[in-house]
Amino acid sequence: MVNNFGRLSPTGRRFGSKKEDFRVEIGEKVLLGEIKGVGHNVRSENVSQLDVHYQGFVEDNLDIDINNISALLIMNHQCRKPLNERKEVHENQIKLAKRNGSLIIETIELLKLYDNYRKEDITREECIRRLTSEIGLFKA
32 MVNNFGRLSP
42 TGRRFGSKKE
52 DFRVEIGEKV
62 LLGEIKGVGH
72 NVRSENVSQL
82 DVHYQGFVED
92 NLDIDINNIS
102 ALLIMNHQCR
112 KPLNERKEVH
122 ENQIKLAKRN
132 GSLIIETIEL
142 LKLYDNYRKE
152 DITREECIRR
162 LTSEIGLFKA
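If you count by the numbering used here, then the sequence shown holds residues 32 to 171, one letter each, in order.
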């Protein structure tokens with residue numbers, strides 16, 4: 032499927048497989064992602080799982096420049112709590128994401144980014160640049 036941002040390739044993940052939840056190809060850029068909705072805060076295991084998928088993709092695609100591959104963890108954490116009662120993502124998980132070169136994106140921040148794009152406050156290119164170059168914790 033092709034959308035306004037690039038080629039979207041749902042990976043057809045099966046239980047127990049070592050594949051990412053989604054892959055988006057935009058020119059030479061590849062965004063690999065995990066999507067989680069959980070009752071707890073972001074955990075190290077969530078960030079580490081993303082890194083396992085990232086490393087596996089890199090090993091299986093040696094022809095793709097590693098600098099063109101981005102790892103995104105989209106999290107709706109503490110999803111049973113109202114937004115104003117949710118705790119911030121802990122600094123340990125942010126540091127782990129930075130060490131792994133990945134980006135944690137809370138769903139509310141992804142929606143804010145999308146809203147800014149729809150209102151033309153941010154361009155498609157700026158959205159892509161941010162998603163492919165930032166690491167740690169995303170803030171729209």
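Calculated directly from the structure, the hints in this document are not laboratory data. Wrong hints could be hidden among the right ones.
To be verified - The list that follows gives simulated cross-link-like pairs (lysine-lysine, DSSO-like), each with its CA atoms no further than 27 Å apart: (1) Lys126 x Lys150; (2) Lys126 x Lys50; (3) Lys143 x Lys170; (4) Lys129 x Lys170.
Cross-check of the supplied hints:
no., hint, result
1, Lys126 x Lys150, "violated (32 Å)"
2, Lys126 x Lys50, "holds (24 Å)"
3, Lys143 x Lys170, "holds (9 Å)"
4, Lys129 x Lys170, "holds (14 Å)"
Checked against the numbered hints above, the structure breaks only hint 1 and satisfies the rest.
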